[in-house]
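Q: Sequence:
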Amino acid sequence: MKLNSVLLILILSSLVACSQADSVPESECDKVVAHAKSVLKENAPSKSDMLKQCKAASDEARGCVMAADKPMKLLKCDF
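Read in order, the letters of the sequence shown are residues -19 to -1, 1 to 60 in mature numbering (1 follows the signal peptide of the UniProt record, and there is no 0).
Hint data in this document are derived by calculation from the structure and do not stem from the laboratory. Hints should not be assumed to be uniformly reliable.
Calculated lysine to any residue pairs in the SDA-like style (CA-CA distance at most 20 Å, straight line) [unchecked claim]: (1) K33 x E9; (2) K22 x Q1; (3) K22 x D3; (4) K33 x Q1; (5) K51 x S8; (6) K51 x D3; (7) K28 x Q1.
Per label pair, the in silico range of CB-to-CB distance [stated by the list, open to error]: (8) S29 x Q1: 24 to 32 Å; (9) D3 x K51: 12 to 20 Å; (10) P52 x K12: 25 to 33 Å; (11) S39 x A15: 27 to 35 Å; (12) D59 x K12: 26 to 34 Å; (13) D50 x D11: 18 to 26 Å; (14) K36 x D3: 17 to 25 Å.
Don't be surprised by glycine CBs; every beta carbon is placed ideally from N, CA and C.
Modelling step: build the complete structure from the supplied sequences, incorporating the hints.
A: Written as structure tokens, this is what we have:
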């Protein structure tokens, strides 16, 4: 029972953490892509593909990417 409660709290806190990220405008896509590449390292897609994704994403999704410090957190972003 305690383990389930702890897992639920961790999941909810990770969702809330991303939803509190600052909005990032499309004009900042170069910074967003650079940050995502630094988090993903050798697993990052090409810069041109990431720029396309960034420009198509919402300000909130770009903010979520900027707030992510681990690859698994990036997966939670609608990017």
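Q: Give a verdict on every hint.
A: For each hint, the structure was consulted:
Distance hint between K33 and E9 is fulfilled; the C-alpha atoms sit about 13 Å from each other, no more than 20 Å. The hinted pair formed by K22 and Q1 fails the criterion: a straight-line CA distance of about 25 Å is larger than 20 Å. Distance check on the hinted pair: K22 and D3 sit about 23 Å apart at the alpha-carbon level, beyond 20 Å; violated. With a C-alpha separation of about 24 Å, the suggested pairing of K33 with Q1 is violated against the 20 Å cut-off.
Taken as a hint, the K51 and S8 pair is broken in the structure, with Cα atoms around 23 Å apart against an allowance of 20 Å. With a CA separation close to 17 Å, the supplied pair K51 and D3 stays within the 20 Å bound. For the hint pairing K28 with Q1, the CA-to-CA distance comes to about 26 Å; that exceeds 20 Å, so the pair is violated. A C-beta distance of roughly 30 Å is found between S29 and Q1, which places it inside the suggested range of 24 to 32 Å.
Between D3 and K51 the Cβ separation comes to about 18 Å, which falls inside the hinted range of 12 to 20 Å. With their beta carbons about 18 Å apart, P52 and K12 fall outside the hinted range of 25 to 33 Å. For the hinted restraint 27 to 35 Å between S39 and A15, the CB-CB distance of approximately 19 Å leaves it violated. A hinted range of 26 to 34 Å for the beta carbons of D59 and K12 is inconsistent with their spacing of about 18 Å.
Separated by about 19 Å at the C-beta atoms, D50 and D11 satisfy the suggested range of 18 to 26 Å. For K36 paired with D3, a C-beta distance near 18 Å keeps the hint of 17 to 25 Å intact.
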